[in-house]
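Make a model of the complete structure from these sequences and hints.
In the numbering used here, each number is its position in the sequence shown, counted from 1, plus 5.
Incorrect hints may have been included.
To be verified - Here are the simulated lysine-lysine pairs, DSSO-like style, with alpha carbons at most 27 Å apart:
no.: 1; residue 1: LYS24; residue 2: LYS154
no.: 2; residue 1: LYS204; residue 2: LYS119
no.: 3; residue 1: LYS9; residue 2: LYS53
no.: 4; residue 1: LYS53; residue 2: LYS123
no.: 5; residue 1: LYS54; residue 2: LYS9
no.: 6; residue 1: LYS71; residue 2: LYS131
no.: 7; residue 1: LYS252; residue 2: LYS190
no.: 8; residue 1: LYS119; residue 2: LYS220
no.: 9; residue 1: LYS204; residue 2: LYS131
no.: 10; residue 1: LYS54; residue 2: LYS24
no.: 11; residue 1: LYS9; residue 2: LYS24
no.: 12; residue 1: LYS56; residue 2: LYS123
no.: 13; residue 1: LYS119; residue 2: LYS131
no.: 14; residue 1: LYS151; residue 2: LYS204
no.: 15; residue 1: LYS57; residue 2: LYS24
no.: 16; residue 1: LYS204; residue 2: LYS180
no.: 17; residue 1: LYS54; residue 2: LYS151
no.: 18; residue 1: LYS204; residue 2: LYS220
no.: 19; residue 1: LYS71; residue 2: LYS252
no.: 20; residue 1: LYS220; residue 2: LYS9
no.: 21; residue 1: LYS180; residue 2: LYS220
no.: 22; residue 1: LYS53; residue 2: LYS151
no.: 23; residue 1: LYS220; residue 2: LYS123
no.: 24; residue 1: LYS71; residue 2: LYS37
no.: 25; residue 1: LYS54; residue 2: LYS220
no.: 26; residue 1: LYS180; residue 2: LYS119
no.: 27; residue 1: LYS71; residue 2: LYS154
no.: 28; residue 1: LYS71; residue 2: LYS123
no.: 29; residue 1: LYS180; residue 2: LYS190
no.: 30; residue 1: LYS154; residue 2: LYS54
no.: 31; residue 1: LYS131; residue 2: LYS180
no.: 32; residue 1: LYS24; residue 2: LYS56
no.: 33; residue 1: LYS154; residue 2: LYS9
As the list claims (entries may be wrong) - Across the chosen pairs, the derived CB separations fall in these ranges:
no.: 34; residue 1: GLY248; residue 2: ILE40; range: 34 to 40 Å
no.: 35; residue 1: LEU55; residue 2: GLN175; range: 27 to 33 Å
no.: 36; residue 1: ASP7; residue 2: GLY195; range: 48 to 54 Å
no.: 37; residue 1: SER260; residue 2: PRO125; range: 19 to 25 Å
no.: 38; residue 1: ASP152; residue 2: ASN128; range: 39 to 45 Å
no.: 39; residue 1: ALA129; residue 2: GLY195; range: 33 to 39 Å
no.: 40; residue 1: ASP8; residue 2: THR96; range: 39 to 45 Å
Don't read these hints as lab results, they were simulated from the structure. Small disclaimer: the values here were computed from a predicted structure and weren't measured. Every residue, glycine too, gets a C-beta built ideally from N, C-alpha and C.
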Amino acid sequence: MDDKTIEAIVTQLLEAQEKTQPIPPLTQSYPKITIQDAYRIQFSLLEKKLKKGAQSIGWKAGVTGKPVMEQLGVNEPILGHLLDSSRYPATATTIPFDAMIQPGIEPEIAFSIKEELKGPNVNALKVYESVELVFPAVEIVDCRIKDWKVRIQDIIADNVLHQGILVGSQGTALKEMDLPDEEVKVQINGQIAATGTAKNVLGNPVNVVAWVANKLAEFETSLNPGDIIMTGSITRFIFVNRGDNVKVSFSRLGSLEFSLQ
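Pasting the structure below:
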């Protein structure tokens, strides 16, 4: 895919986000689009936002569960970026719905990087040495592609369907956690919508952080001190609507609660 086409797609995605108007699937408009093309689009999107004054605050992994990988026909997770403009305050009790198109939520565990993690040979042990705290978190997911008619290339190009994150203010020492067995319960308007355990994400969210560090090496970058890493949904994806009250409760990490207004 040539640079001119990449630029045109970036413009389409930016306008879709700004106007909250979805666009046709990229895989429909550009049938030959590859995963490599999709990452070029995403990183061009990131570069454009950084030039406009946004600040990078970390990275996210998507498709971290085996069933979803099989469904989408991939053999590894996918990478997205996080910006300061998409982080909601930890104390937020309401999140504006007007900026969203067709949103949902994902309960996740967030990691805060203490020391640089540079791939391509990062393993779980190095993650334990480089991470001090983990946090309860929720990702708000949104799709700029009409009717969620997405393939893996659409998802990657659209920054892995990222809209925003809410990360708890109180962290827990990673070395004190039996992280794979951490449980989560999601309630929508008081009703249980989903439950899960952290082992659902690559067996252990620590493995996701290692994967992110190694994946970033392909783009000649690394995880830096202060970066936030979102490690993927512990439960199934949950669609939400205006007016919904969302409560996400972890067994040890704490809870987050907010409404969409």
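Verification of the hints:
1. LYS24 x LYS154: With Cα atoms ~19 Å apart, LYS24 and LYS154 stay inside 27 Å; holds.
2. LYS204 x LYS119: Holds, at roughly 23 Å.
3. LYS9 x LYS53: 14 Å, holds
4. LYS53 x LYS123: 24 Å, holds
5. LYS54 x LYS9: OK: LYS54 and LYS9 at ~18 Å, within 27 Å.
6. LYS71 x LYS131: Distance ~24 Å between LYS71 and LYS131 Cα, so the pair holds.
7. LYS252 x LYS190: Holds, at roughly 8 Å.
8. LYS119 x LYS220: The given pair, whose Cα atoms are some 19 Å apart, holds under the 27 Å limit.
9. LYS204 x LYS131: 19 Å, holds
10. LYS54 x LYS24: 16 Å, holds
11. LYS9 x LYS24: 22 Å, holds
12. LYS56 x LYS123: 25 Å, holds
13. LYS119 x LYS131: 11 Å, holds
14. LYS151 x LYS204: With Cα atoms ~32 Å apart, LYS151 and LYS204 exceed 27 Å; violated.
15. LYS57 x LYS24: 18 Å, holds
16. LYS204 x LYS180: 16 Å, holds
17. LYS54 x LYS151: 23 Å, holds
18. LYS204 x LYS220: OK: LYS204 and LYS220 at ~21 Å, within 27 Å.
19. LYS71 x LYS252: 26 Å, holds
20. LYS220 x LYS9: Holds, at roughly 26 Å.
21. LYS180 x LYS220: 24 Å, holds
22. LYS53 x LYS151: 23 Å, holds
23. LYS220 x LYS123: 10 Å, holds
24. LYS71 x LYS37: 26 Å, holds
25. LYS54 x LYS220: Holds. LYS54 to LYS220 sits at ~21 Å (cutoff 27 Å).
26. LYS180 x LYS119: Given that 27 Å is the threshold and the Cα spacing comes to 13 Å, the pair holds.
27. LYS71 x LYS154: 21 Å, holds
28. LYS71 x LYS123: 25 Å, holds
29. LYS180 x LYS190: 23 Å, holds
30. LYS154 x LYS54: Satisfied, since the Cα-Cα distance of roughly 25 Å is no more than 27 Å.
31. LYS131 x LYS180: 12 Å, holds
32. LYS24 x LYS56: 20 Å, holds
33. LYS154 x LYS9: The given pair, whose Cα atoms are some 24 Å apart, holds under the 27 Å limit.
34. GLY248 x ILE40: 34 to 40 Å: Cβ of GLY248 to Cβ of ILE40: about 37 Å, so the range 34 to 40 Å holds.
35. LEU55 x GLN175: 27 to 33 Å: Because 30 Å falls inside the window, the suggested range holds.
36. ASP7 x GLY195: 48 to 54 Å: At 52 Å between Cβs, range holds.
37. SER260 x PRO125: 19 to 25 Å: 36 Å, violated
38. ASP152 x ASN128: 39 to 45 Å: At 40 Å between Cβs, range holds.
39. ALA129 x GLY195: 33 to 39 Å: 37 Å, holds
40. ASP8 x THR96: 39 to 45 Å: With a Cβ separation near 42 Å, ASP8 and THR96 satisfy 39 to 45 Å, so the hint holds.
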